[in-house]
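2 protein chains.
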Amino acid sequence: MILLFGFGGVGRTYAELLYERTGLRLCAVFDSGGGIAKKEGFTSDEVRQLLKTPRGAVVKSGVGRAAALDDALDMCQVVVDVSPPNYETAEPALSLYRRALSKGLAVVTANKAPLALAFRELAHRRLYYKATVMAGTPLVDLLMGLPPQKVLRVRGILNGSTNYIMTRVYKDGVPFEKAVEEARELGILEPDPRLDLEGLDPAAKLVIIANTLGVSLALRGVIRRPLAPLGPVTRYLATLDLETPRASVEPARLTEEDPIHVDYTMNAVEITTDVNTILIKGKGAGRKETAYVLLNDTLKALAH
Amino acid sequence: MILLFGFGGVGRTYAELLYERTGLRLCAVFDSGGGIAKKEGFTSDEVRQLLKTPRGAVVKSGVGRAAALDDALDMCQVVVDVSPPNYETAEPALSLYRRALSKGLAVVTANKAPLALAFRELAHRRLYYKATVMAGTPLVDLLMGLPPQKVLRVRGILNGSTNYIMTRVYKDGVPFEKAVEEARELGILEPDPRLDLEGLDPAAKLVIIANTLGVSLALRGVIRRPLAPLGPVTRYLATLDLETPRASVEPARLTEEDPIHVDYTMNAVEITTDVNTILIKGKGAGRKETAYVLLNDTLKALAH
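Chains Y and S, in that order, are what the protein sequence lines are. Whatever position you read off the first sequence (first residue = 1), add 3 for the working numbering. Whatever position you read off the second sequence (first residue = 1), add 3 for the working numbering.
Don't take each hint at face value.
Which copy is meant is left open, so a pair is good if it fits within one copy or across any two.
Dumping the calculated DSSO-like pairs for lysine-lysine here, alpha-carbon to alpha-carbon at most 30 Å [to be verified]:
hint, residue 1, residue 2
1, Lys153, Lys55
2, Lys291, Lys153
3, Lys153, Lys303
4, Lys291, Lys42
5, Lys41, Lys303
6, Lys303, Lys181
7, Lys106, Lys303
8, Lys55, Lys42
9, Lys291, Lys174
10, Lys55, Lys41
Everything labelled a hint here was simulated from the structure, so no lab data went into it. If you're wondering where the values come from, they're calculated on a predicted model, not measured in any experiment.
Can you build the whole structure from these sequences, using the hints too?
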């Protein structure tokens, strides 16, 4: 039984796929307007009803009964967090994780903020977070398979929307401001576009990658420069030197042959270890991609 | 406490790294000549002594006492199999796994044969096998992070030694027979070179990939054509269509731009799902790379 915290695009797609592809049920859904719960879990019909409900209005949907978060936690085994990131305090998600984990629930999340601000505290085997980096590409699972192979360096294009913008500018000749507008219209820009354009989103991903590899790195420790066009093959480059450690997100010109040179919303990561160099490319954005990876983590959480 | 089954190149490197990088100990080592065991685990000095012992002679090393496999199993928590693959019967590894798993031990393996011949029987949460595919690149962990994302197709260069041979032939102008000889001298060819040159090794990897993704595929179900030079960018291409399912290993000409076109001992895999296309490149061979991934699986096995 799953408590879904957040009911926007990814949350709705997750709910649909959960009922379509698994035998699992939601027992509670929370959005910005409050939450509803049902001990036996919502039926498919009730979820269809919820999917027709406008944003922020699940309590008015007529499905289930209005519930407090603490009561809902007692009905569920897994909390799935798809609420928007809050890079100031990580709230309300951070408090929710603390309560859920202390009650013995598992937490599955696509929300980077709590991990970016409090990874060490949350580092816990019942926290599943591969949806926070590279959407449908399970990079985090691959990273966890590396130690004690020693990772020296990670370089990557970790933000799909800014990579889309730079590809439109230099590959397709679209002016920068217009490309930003396009990204907004496509729904691939964060509601607060500074998270993308000033690099907070890829910086949070570097923090998650570093800590996953056992290297302590704080969000304020990542050097960030805002996105700006510099000329052909400008990309918003995220770099992590794990030996210093030093982390940065900045616009940079790549060569055409650079293995991490990818176009549009694709992401690419190059991992250099003491014995290997690994390259991974895959989609870095998308509701369905993110929802699938959340589902994989949900199934893992329930199997352990 | 670990039982090491096989004490050739990878086994010895594993033993060294185990003592160097973790606090764990070997309690038993078996090679083709028999096995030795010690309840408290071997000391670093004893392992150094073992590393000086010729192949097949651990029982004559003067370390520990000669032991039967069943007695050794009772002293250990994890079996690590680095014995050579036997694609006829998968023995003696297959019987060892059955005994170890039934006694509640975990099995960590780099040996493809038992999985290629009996995946369904062995599919068990206490069997860890990411060292069987792509050496130091944890592809298997990434694959396990995909479902219920639906994988439609996998294409790849999964055999480092034949890719080395074909790169030498067409990139460096070396005659085919000489390139084969070089691969043998470098120690990257299997002791029975037909496993590489007739595609049994990449076919076994396809079987492991398919079954990891929940699709039943048997080794005899993989179409295999022997390696042969066809002209520039000839690669030994492994293809898996998961919908039919159909699997093949055959020489094929790739375009220069093909994302899975890699040189020398590199491996590359392209995974097409219903919502994503993922490309992974990394080393596909190497003692140290394989030993590291075995160590990661050992640590995982002991944590669960």
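Hints, verified against the model:
In the homo-oligomer, the alpha carbons of Lys153 and Lys55 lie at most 30 Å apart only across protomers (26 Å), although the nearest pairing inside one protomer, at 49 Å, exceeds that limit. Taking the shortest Cα distances, Lys291 and Lys153 sit within 30 Å of each other only across copies (12 Å), while inside one copy they are farther apart (33 Å). In this assembly of identical chains, Lys153 and Lys303 lie within 30 Å of each other by CA distance both inside one copy and across copies; the values are 26 Å within and 17 Å between. Taking the shortest alpha-carbon separations for Lys291 and Lys42, only the intra-copy value of 27 Å comes in at or below 30 Å, while the best inter-copy value is 52 Å.
Taking identical chains as interchangeable, the C-alpha atoms of Lys41 and Lys303 lie at most 30 Å apart only when both belong to the same chain, with a minimum of 23 Å there against 37 Å between chains. Taking the closest pair of Cα atoms, Lys303 and Lys181 never come within 30 Å of each other, the shortest separation being 42 Å inside a single copy and 49 Å across copies. Taking CA atoms no more than 30 Å apart as the test, Lys106 paired with Lys303 passes in both settings, with 18 Å inside one copy and 25 Å between copies. Only within a single protomer do Lys55 and Lys42 lie at most 30 Å apart by alpha-carbon distance; the minimum there is 22 Å, versus 64 Å between protomers.
Taking the closest pair of Cα atoms, Lys291 and Lys174 come within 30 Å of each other only inside a single copy of the chain (27 Å); across copies the shortest separation is 41 Å, beyond that limit. In this assembly of identical chains, Lys55 and Lys41 lie within 30 Å of each other by CA distance solely inside one copy; the values are 18 Å within and 66 Å between copies.
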